[in-house]
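Asks: One-letter residues, chain by chain:
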Amino acid sequence: MNNVLFDIVFKRLVMGIFILFGVSLLITLGVEALAGDVCSAMLGQAAEPSTVAACQAKLGLNDPMHVRYWHWLVNVIQGDLGTSLANNREVSEQIGKRLGNTLYLAGTTALFAVPIGILLGVIAALYRNSAIDYTISTTTLTTISSPEFFLAYVLMAIFAVNLGWLPAISNVSSSMSFLERLEVSALPVATLALITIAHMMRMTRASIVSLLASPYIEMAKLKGLTPGRIIVKHALPNAWSPIIQVVVLNLAYMIVGVVVIEVVFVYPGLGALIVDAVLNRDLPVIQGTAMVFATAYVVLFMLADVLSMLANPRLRHRR
Amino acid sequence: MSEKLLEVKDLLIEADIDGEWKPIVNHLSMTLERGEILGLIGESGAGKSTFGLTALGYAKPGCRIQSGSIKLDGVELVGKSDAELRSIRGNKVAYVAQSAAASFNPAHTLVEQFAESPVQHGNMTMAEAVKRSVELFRQLDLPDPEHIGERYPHQVSGGQLQRAMTAMALGSDPDIIIFDEPTTALDVTTQIEVLGAIKEAIKERNVAAIYISHDLAVVAQMADRIMVLRHGNLIEEGNAREMLANPKEDYTRLLLNVRSTRESRYDHDEEDIQLKVENITARYPGTTIDVLKNINIEIIKGKTVAVVGESGSGKSTLARVITGLLPPSQGSVRFHGRELTPDLRSRPKKDLQSIQMIYQMADVAMNPRHKIKDIIGRPLEFYLGIKGKQREAHVLELLRQIEIPADYADRYPAQLSGGEKQRVCIARALAAEPELIICDEVTSALDQLVAEGILDLLLNLQKELNVSYLFITHDLAVVKAIADEIVVMYQGGVVEQGTKAEILEPPFKPYTELLLSSVPEMDPDWMDNLIERRKRGEAPTAESIAQAD
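Protein sequences, first through last, are from chains A and B. Residue numbers for the first sequence, in this note's numbering: 1 to 319. Residue numbers for the second sequence, in this note's numbering: 320 to 868.
Read the hints as simulated data drawn from the structure, not as lab findings. Among the clues, some could well be false.
To be verified - The calculated DSSO-like cross-link candidates involving lysine-lysine, where the alpha carbons are at most 30 Å apart (straight line), are:
hint: 1; chain 1: B; residue 1: LYS399; chain 2: A; residue 2: LYS233
hint: 2; chain 1: B; residue 1: LYS323; chain 2: B; residue 2: LYS518
hint: 3; chain 1: B; residue 1: LYS379; chain 2: B; residue 2: LYS518
hint: 4; chain 1: B; residue 1: LYS782; chain 2: B; residue 2: LYS518
hint: 5; chain 1: B; residue 1: LYS782; chain 2: B; residue 2: LYS799
hint: 6; chain 1: B; residue 1: LYS595; chain 2: B; residue 2: LYS567
hint: 7; chain 1: B; residue 1: LYS328; chain 2: B; residue 2: LYS399
hint: 8; chain 1: A; residue 1: LYS233; chain 2: B; residue 2: LYS708
hint: 9; chain 1: B; residue 1: LYS411; chain 2: A; residue 2: LYS233
hint: 10; chain 1: B; residue 1: LYS799; chain 2: B; residue 2: LYS612
hint: 11; chain 1: A; residue 1: LYS233; chain 2: B; residue 2: LYS379
hint: 12; chain 1: B; residue 1: LYS708; chain 2: B; residue 2: LYS668
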């Protein structure tokens with residue numbers, strides 16, 4: 001068992017390195033394909049061509065792409081993410097500040113969304129095809145299907161504009177207390193939660209319902225057990241594997257997919273950082289942020305596989 | 320008056336078949352006295368499980384109890400609320416399912432599942448239930464009864480699980496236990512041990528039982544009284560001994576005759592050897608255990624070699640080696656004297672075409688989204704290059720050979736019965752015009768009468784086409800019916816091989832005798848006598864074989 005676990009972790013880590021490498025290549029090519037560079041973006045369209053050229057020469061943008069990529073790669077392997085082209089600050093320092101905020105947003109959302117999603121899934125499975133099930137399913141389908149910015153603006157309109165209960169802009173800062181933070185970030189957390197709860201609820205419901213046809217569920221019924229006990233004690237423990245996968249997928253989404261939400265609520269997270277960096281064609285910052293996102297994916301999915309294994313009694317208790 | 324423990328009267332159960340309610344239990348009645356064992360027998364679709372489960376007041380999903388009465392100890396179950404029914408299930412009436420492996424929850428230990436009924440029904444505390452489990456595990460001859468309960472279902476064998484499930488049913492001292500084909504998934508040698516343990520346990524406690532099976536010989540060992548069902552109707556009911564000695568209905572007679580033996584058609588001509596397996600040793604990648612040890616087998620053109628053995632004896636692995644799915648670590652497979660490439664992927668098409676396979680589960684061996692004509696037509700096109708109109712004509716000819724109506728060509732597998740599906744699989748194998756067909760447990764998922772039909776078909780096709788069969792099975796009745804030569808396998812090795820007459824007539828080798836003696840016979844005293852003989856050491860047992868090994 002431990003060997004198998006070690007095997008999985010090791011393989012995933014090696015694969016993860018290749019994935020990170022591939023992602024960095026794609027990002028470089030992608031930014032290169034965009035019109036303009038950091039100098040034309042910062043100096044504006046009215047700038048003298050000679051000023052732009054001097055700026056380019058200063059930042060080393062005249063080197064061919066593969067040379068610049070190579071320099072970046074060598075530095076990254078040595079642990080140096082470089083400095084921002086736009087403001088000359090350390091990329092790692094910028095990311096460090098923002099990463100905390102993004103993780104806070106994801107963590108708070110997960111704290112609410114994961115238990116609520118699974119609980120709603122269990123309830124919907126227990127009372128499947130009843131009014132409760134239809135209500136839960138319809139609501140979650142609606143939130144899944146609406147674009148996230150739309151949900152965000154609707155929430156903002158109701159709670160910030162009409163009711164005035166919550167701030168529309170989530171400008172968190174390190175000096176805030178936990179409660180203050182929670183209040184300021186309530187709307188982005190709620191938006192993220194609405195979307196992710198729906199995914200997790202639907203997967204939980206589907207995996208439990210598909211298990212309900214198993215012979216051991218019929219056996220449990222014929223032992224005279226109550227429907228609640230059958231679902232919680234007999235179906236849920238065998239449904240963990242797919243549920244874990246979807247929970248992790250959503251955790252990854254909370255970290256990586258928040259770009260739009262962060263922009264809407266002007267939340268100072270990684271998503272907002274990468275958007276600004278793309279506008280400025282600030283390649284080192286884009287690369288650094290993308291590396292953080294990709295690492296989050298690799299680590300979370302490795303975690304999902306390990307947890308799925310641990311959730312399987314056949315693998316936990318070998319013969 | 321509640322002398323009868325169970326009294327079911329004029330019960331009509333309907334099932335939702337394609338949106339229409341159709342009767343599957345057609346106004347049936349039954350009674351059960353305390354301590355009595357009633358056998359329900361019939362083919363699949365006879366309604367025997369559905370009928371048996373009514374003692375729990377339970378209708379399977381998609382079924383409903385339309386009318387009639389079910390009285391348990393004088394109390395009417397029809398129309399009771401779910402909560403009231405729950406207080407009966409697992410408490411007064413318990414259930415033992417067909418596949419213990421699938422019916423135990425993989426996420427919990429045996430004793431947790433054992434204790435669930437008595438504790439949830441408020442009959443025992445957890446500690447009492449654990450104590451009782453040890454008692455019952457011991458009575459059902461489970462090894463290490465004190466600790467086996469701490470294991471998970473996947474950590475014990477199929478036979479042990481079935482015993483544990485019987486123990487679980489006995490756990491809350493029920494009045495009735497329903498056994499739903501409890502030994503169908505087991506090897507013959509395991510089956511007799513489990514049957515013996517079950518019979519002893521329920522007789523000792525004077526528990527009444529409903530024993531559901533498609534195997535009349537098995538029911539004959541267990542039941543005092545037998546009801547023969549077909550298509551939801553009662554065919555015949557009576558005392559077990561009387562019915563076996565003197566069946567009144569033709570259908571019962573048919574069921575009784577399935578095990579009769581055909582005479583051997585084997586002649587000792589030394590024809591060309593078609594396939595020769597030489598010194599094959601094989602293991603699965605990444606493992607260190609040889610699943611096959613130094614196997615030698617010859618198949619003669621137009622003949623049938625049956626490979627028999629329990630599950631885990633390596634017989635299906637042998638098929639994988641011959642077809643090239645599992646390259647052996649030593650030895651070779653020769654076809655007409657020429658060595659076949661060990662790996663399937665580098666075999667020429669001609670070799671692939673010569674050896675075809677038919678599988679146990681016809682259901683999963685066919686693509687559910689392909690029509691029958693495409694399933695059969697694909698090998699025609701792939702191997703023989705037959706296309707278009709010609710292909711259509713060939714498909715119809717093959718359907719005729721397998722005795723399936725021509726209009727089935729446009730159907731999908733799901734629209735066919737189990738036997739018909741297996742026939743289509745046979746046609747697909749034949750379409751390639753092979754010289755050898757490997758049949759892997761092709762009848763073990765089918766009812767006995769349907770299986771008979773498939774075996775007849777295979778024998779007729781052999782006469783007509785002179786194709787050879789390698790017939791893998793654990794069912795000795797099948798072996799008797801169709802084999803020319805028999806190879807007996809045990810734990811990856813061949814313990815005996817020879818012509819049918821040599822193997823199936825005395826003197827026997829001990830393992831062969833164990834296998835042969837374990838096949839249930841249509842004699843109600845057969846099992847009790849055999850167990851007695853085994854206790855006295857006059858007949859081999861699984862332990863005596865393992866020790867001699």
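Asks: Tell me, in ascending order, the numbers of any earlier hints that this structure violates.
Replies: 4, 6 and 8
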